[in-house]
Amino acid sequence: MTETELIRSAQLGDRDAFAGLVSGHEKKLLALCWNMMGDRDEARDAAQEALLQAFENFSRFDAGRSFVKWLLGIGAKRCLDRLRRRRTFLRYFQEYARERGRPTAAPAMDGPGDGRAGQLLQKLSPRERAVVSLAVFEDCSAREIAAALGCSENTARVHLFNARVKLKREVTDGV
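Counting with our numbering, you get residues 300 to 474 for the letters of the sequence shown.
A portion of the hints provided could be inaccurate.
[Stated by the list, open to error] Below are the PhoX-like pairs computed for lysine-lysine, each with C-alpha atoms no more than 20 Å apart in a straight line:
1. K467 / K422
2. K368 / K326
3. K376 / K327
4. K465 / K422
No wet-lab data here; the hints were simulated from the structure.
With the hints as constraints, model all of the structure from the sequences given.
Pasting the structure below:
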């Protein structure tokens, strides 16, 4: 079956067709989530949430759009939500510990790989990691990034520009 046929069947309720659609894109989704989350287990959880949300909302999917970019957009949003919750929890924990006179330390994060690229990605904000991951690793345009993240094209371009400036600075400082 072609992707278009799988989409039609899946929108009619065929679970196997949806599984067929997803099977070709799971690795991309997991890679995006890992790049954004910086932790393998968190990435798997975010990817699972994205797949569940995609399945639950697939009847509203516009067959004229790219399925993989739609799925990656959902994944990016799930990661941003998880990172927001993590930051809120960490801030609460640090304030709680500070009130009781205990030292606080940020939890260690595993990078998305042991290489320099993973270390560089971790220096970016979650939003910047999202746009870099979508632009560089998934070859998304500013319009597609904007649609995936729910922002304007100009905002997506600004985040991408800022991320590139930070990465360039990190690379030149590290040389």
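Evaluated hints:
1. K467 / K422: Answer holds: K467 to K422 is near 12 Å, not above 20 Å.
2. K368 / K326: At roughly 13 Å apart (the allowed maximum being 20 Å), K326 and K368 satisfy the hint.
3. K376 / K327: holds, 15 Å
4. K465 / K422: holds, 8 Å
Of the hints listed earlier, there is not a single one the structure fails to meet.
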